[in-house]
Amino acid sequence: MPKKAEELGPLAVSRLNTPGLHFVGGVAGLALQVLPSGGRSWVLRVTVGSKRRDMGLGGFPDVTLAGARDSARDARLKISKGIDPIDEMKRARHLLKLEQANAVTFEQAAKLYIDIHEPSWHNAKHTQQWRNSLANYAHPLIGQMLVRDIETRHVLEVLEPVWRSKTETATRVRSRIESVLNWCTTKGYRDGLNPARWKGHLENLLPKPGKVAKEEHFPALPIELAGSFMSALRDHHGSGSRALEFAVLTACRSDEVRGAVWGEFDLDTAEWVIPAERMKMKQEHRVPLSESALALVRSQLVAHQESTGLDKPAKNDIVFTAPRGGSLSNGTLNAVIKRMVEVDARWKDPKTDRTVVQHGFRSTFRDWVSERTSYPNDVAEMALAHTIPNKVEAAYRRGDLFEKRRCLMSDWAAFLAKAEKPAQVIDLMSKRG
0 MPKKAEELGP LAVSRLNTPG LHFVGGVAGL ALQVLPSGGR SWVLRVTVGS
50 KRRDMGLGGF PDVTLAGARD SARDARLKIS KGIDPIDEMK RARHLLKLEQ
100 ANAVTFEQAA KLYIDIHEPS WHNAKHTQQW RNSLANYAHP LIGQMLVRDI
150 ETRHVLEVLE PVWRSKTETA TRVRSRIESV LNWCTTKGYR DGLNPARWKG
200 HLENLLPKPG KVAKEEHFPA LPIELAGSFM SALRDHHGSG SRALEFAVLT
250 ACRSDEVRGA VWGEFDLDTA EWVIPAERMK MKQEHRVPLS ESALALVRSQ
300 LVAHQESTGL DKPAKNDIVF TAPRGGSLSN GTLNAVIKRM VEVDARWKDP
350 KTDRTVVQHG FRSTFRDWVS ERTSYPNDVA EMALAHTIPN KVEAAYRRGD
400 LFEKRRCLMS DWAAFLAKAE KPAQVIDLMS KRG
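Going by numbering that gives the first Met the number 0, the residue at position 362 of the sequence shown is 361; the numbering climbs one at a time, nothing skipped.
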């Protein structure tokens with residue numbers, strides 16, 4: 000037991016400024032430590048078990064003399080009960096650090112999740128859709144909540160306002176919230192079942208998506224107007240117009256066309272090979288080029304030679320370049336169609352009266368194959384780079400029906416090269432009106 004010192008008052012304590020340990024009395028072992036730098040702090044010298052320990056009680060004057068004595072008495076009381084107050088304090092600090100490390104908000108967790116998974120996603124557009132949908136619908140309501148505190152009622156607050164009016168968007172937001180929270184559980188940021196899970200949970204609280212909203216297809220032109228559209232499109236200049244024309248001729252997706260580089264083309268064999276990493280299904284896709292598509296690519300080559308002065312472009316050079324260089328933006332092809340609609344209102348989907356989009360021409364192509372040709376279904380699906388839904392058939396399918404698809408794409412180009420008779424178009428327009 001330390002020798003009991005004379006009990007000092009607040010004024011006397013405030014005047015202690017000689018470096019060293021000054022015992023202030025009132026509680027055995029309580030001292031004010033004065034540092035050479037002038038800093039002062041409270042120290043309680045105690046014996047815990049068989050070891051002498053110095054326990055810090057805080058700085059002076061933030062911790063007053065009275066406060067230091069109260070803390071010292073509490074510490075000595077714990078020691079009398081066999082508790083080490085210093086170890087207890089260390090454990091408390093450690094738990095606090097763990098608590099703070101696990102105090103992750105949903106917005107923080109979503110950002111971490113997206114950053115980690117972005118390299119495995121198809122393209123930048125997919126990543127942006129993740130960020131935008133969560134920023135618009137989830138973050139305003141649960142973004143600043145700790146993920147460990149998010150419950151079913153909070154998820155419903157996000158989903159219910161848009162579940163009926165924007166069903167497709169809402170279902171994607173729900174799925175993304177579920178993915179983020181699953182990741183949080185694995186990381187140890189939260190416990191328990193996922194409040195955003197659908198099966199056996201939210202399906203009991205929300206109507207099934209298919210019951211509240213009809214599936215919306217991409218606006219597409221009727222087969223009868225496809226040739227007239229292509230004729231009008233050829234009157235429009237610019238890389239975006241040529242990219243759109245090429246996309247229609249090949250029935251390919253916008254990303255595939257806008258990202259096309261010269262190294263993917265063999266103009267001698269009239270073949271375009273899109274590598275797996277640029278395909279939606281992550282499988283290499285060979286595209287047979289019809290004479291029209293091949294001529295278009297050759298015209299792009301001439302334009303490239305004239306603009307650069309080089310006879311041969313580099314393998315990684317973009318085929319359809321933006322005016323300022325690089326690839327065309329995501330909305331370029333549809334912007335071309337919008338400008339065409341301003342001149343001619345025919346380029347709208349007669350079922351919805353919405354302006355058609357580039358992706359809708361894949362539907363027009365599919366309708367043409369089914370209604371105007373005798374090509375088998377699997378040839379058309381292979382041309383669209385769709386996967387074979389039947390797993391058994393997919394396991395045995397080795398070829399890609401390339402030569403059959405070459406004939407198909409040549410017939411498609413020939414069809415697009417001629418417009419329907421005026422009477423047929425007029426009849427179609429009258430049905431719309």
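There's no promise every hint is true.
[Said to hold, decoys possible] Cut-off 25 angstroms, straight-line C-alpha distance, at most; resulting in silico cross-link-like pairs (DMTMM-like, lysine to aspartate or glutamate):
#	residue 1	residue 2
1	LYS50	ASP83
2	LYS110	ASP190
3	LYS281	ASP234
4	LYS110	ASP148
5	LYS77	GLU87
6	LYS417	ASP234
7	LYS417	ASP343
8	LYS80	ASP61
9	LYS279	ASP399
10	LYS417	ASP348
It should be emphasised that the hints constitute simulated quantities derived from the structure, not laboratory data.
As the structure is a computational prediction, the values presented were derived from the model and not from experiment.
Hints versus structure:
1. LYS50 - ASP83: holds, 11 angstroms
2. LYS110 - ASP190: Status holds; Cα separation ~20 angstroms.
3. LYS281 - ASP234: Violated: LYS281 and ASP234 sit about 35 angstroms apart, past 25 angstroms.
4. LYS110 - ASP148: holds, 18 angstroms
5. LYS77 - GLU87: Holds - the C-alpha atoms of GLU87 and LYS77 are around 10 angstroms apart, at most 25 angstroms.
6. LYS417 - ASP234: Roughly 15 angstroms between the alpha carbons, so the hint for LYS417 and ASP234 holds.
7. LYS417 - ASP343: Holds, at about 18 angstroms.
8. LYS80 - ASP61: violated, 29 angstroms
9. LYS279 - ASP399: holds, 17 angstroms
10. LYS417 - ASP348: holds, 20 angstroms
Hints 3, 8 from the list above are not met by this structure, while the remaining hints are.
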